[in-house]
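Chemist: Listed below are the residues making up each chain.
2 protein chains.
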Amino acid sequence: MNQATAAIIVIGNEILSGKVVDMNSSYLAKELRTLGVALERILVIPDDVDVIAAAVSDYSSRFRWVFTSGGVGPTHDDVTIAGVALALGVRVVRHPLLEEQIQKFSGGKVDEAGLKLAEVPEGAELIYDEGLSFPVLLARNVYILPGIPELFRAKFQALRARFASSPFHLRVVYLRAAETALVPFLNATLRAFPALLLGSYPKWNDPEYHVKVTLESKDAAYVERAFAHLLAQIPPELVVRTE
Amino acid sequence: MNQATAAIIVIGNEILSGKVVDMNSSYLAKELRTLGVALERILVIPDDVDVIAAAVSDYSSRFRWVFTSGGVGPTHDDVTIAGVALALGVRVVRHPLLEEQIQKFSGGKVDEAGLKLAEVPEGAELIYDEGLSFPVLLARNVYILPGIPELFRAKFQALRARFASSPFHLRVVYLRAAETALVPFLNATLRAFPALLLGSYPKWNDPEYHVKVTLESKDAAYVERAFAHLLAQIPPELVVRTE
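Chains as they are written, first to last, in my numbering: chain Z, 17 to 259; chain B, 17 to 259.
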């Protein structure tokens, strides 16, 4: 798996029950795109060990990097560590370095609940960074991140450089036309540039434009040629602007 | 499958590539909860017929209702209909009523792209509603909804009454305490009320509270007893307020 692909697994009943809006996956989607990583799945699942294990097992074998969000606190509904361990076929163990850190942090008065924070899937790597008070857990190709958005972002920022890949190059055309009228132009460009990532997105009730067309590839010259090909076909009066 | 369970499949490269933030799944999660429906999965996947088919096939057999969002326009990247048809083992056909409506709408000047909007998985039901200019497609237990948030919401509102189930009853306790300190109380309540849906959500940097605890069940009396049980254990000075 040399390709830079990724999946996000968001773990939390609070998202599925509509109590909390997941902010982490849209944040990470943007970050990964900037880095040149192709995000292939976002999956939101309940706090259930077996469901987590099935998802992690599936995605960790199919995609290069998997990121989990949530379910890593001290309470009964924090079962991500157990789910990842089950997926990878390893035990849950208390990591001596984490235990030491937690003991130190709480002046030696740590109870069982506090020690749950020292649990990891056996063999997990601890990634330390000067910007982090607590390390990130990496189990095989699964980065285990907390659900709290501020912590999720801080941890991802500490990891960010690991995922730098060749970037996607993007061109955008904003149009004032019905999407159906654009189909022949889009299809012609796609026939000439079959490897192009071409998207067409109608906007509802926007005074400026009706459709946003995106052209992307990791090959900058290819995008530029496809962009010119598309613009050469479309009547100029339909084009609002380009980026 | 008598239980009121559901899954949402969001189809769109634009979400995975971070260009657009999905608003439909968080909207639908809230709506379904209000209706008493247990949302079990939210999955975001690319515009890929085989990936769509695999997800629809899996979820439509495991959950009572499946909602798809996106991929139903006239362009090359709109492949949801083909994916759902493949999942259900049926052909894609042009629906005569939709074709007639589209012909009428465009004064008889419909091209191939326009007619793509008349395509359905064979055997799909058209659901008409006075609030909708275009019907909703229902293929077996899969409701096929558009990605544009305004249309997605209008269509779901037209369907809403179909999903009314017995409601969830919710109690909330806001606390000023470290989450680890609450673990013994939460676990004791869960031992006494094993069927309780109990959630614990730390908030970062909130001046009012540190942890929000939610108690839920479809049995209102059960929730009230669990709520009283939990409050009886927690030192009152830790409780900021309850709902």
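Quick caveat, the hints were computed from the structure, so don't treat them as lab data. Take the hints with a grain of salt, since some may be wrong.
Chain copies aren't distinguished; within one or between two, either way the pair holds.
When the alpha-carbon atoms are kept at most 27 Å apart in a straight line, the in silico BS3-like pairs for lysine-lysine are as follows [stated by the list, open to error]:
1. Lys125 x Lys46
2. Lys35 x Lys125
3. Lys234 x Lys35
4. Lys120 x Lys234
5. Lys234 x Lys132
6. Lys120 x Lys132
7. Lys35 x Lys120
8. Lys234 x Lys46
9. Lys125 x Lys234
10. Lys46 x Lys35
11. Lys132 x Lys35
12. Lys132 x Lys46
13. Lys46 x Lys120
Chemist: Out of the numbered hints, which ones does the structure contradict?
Modeler: 1, 2, 4, 5, 7, 9, 12 and 13
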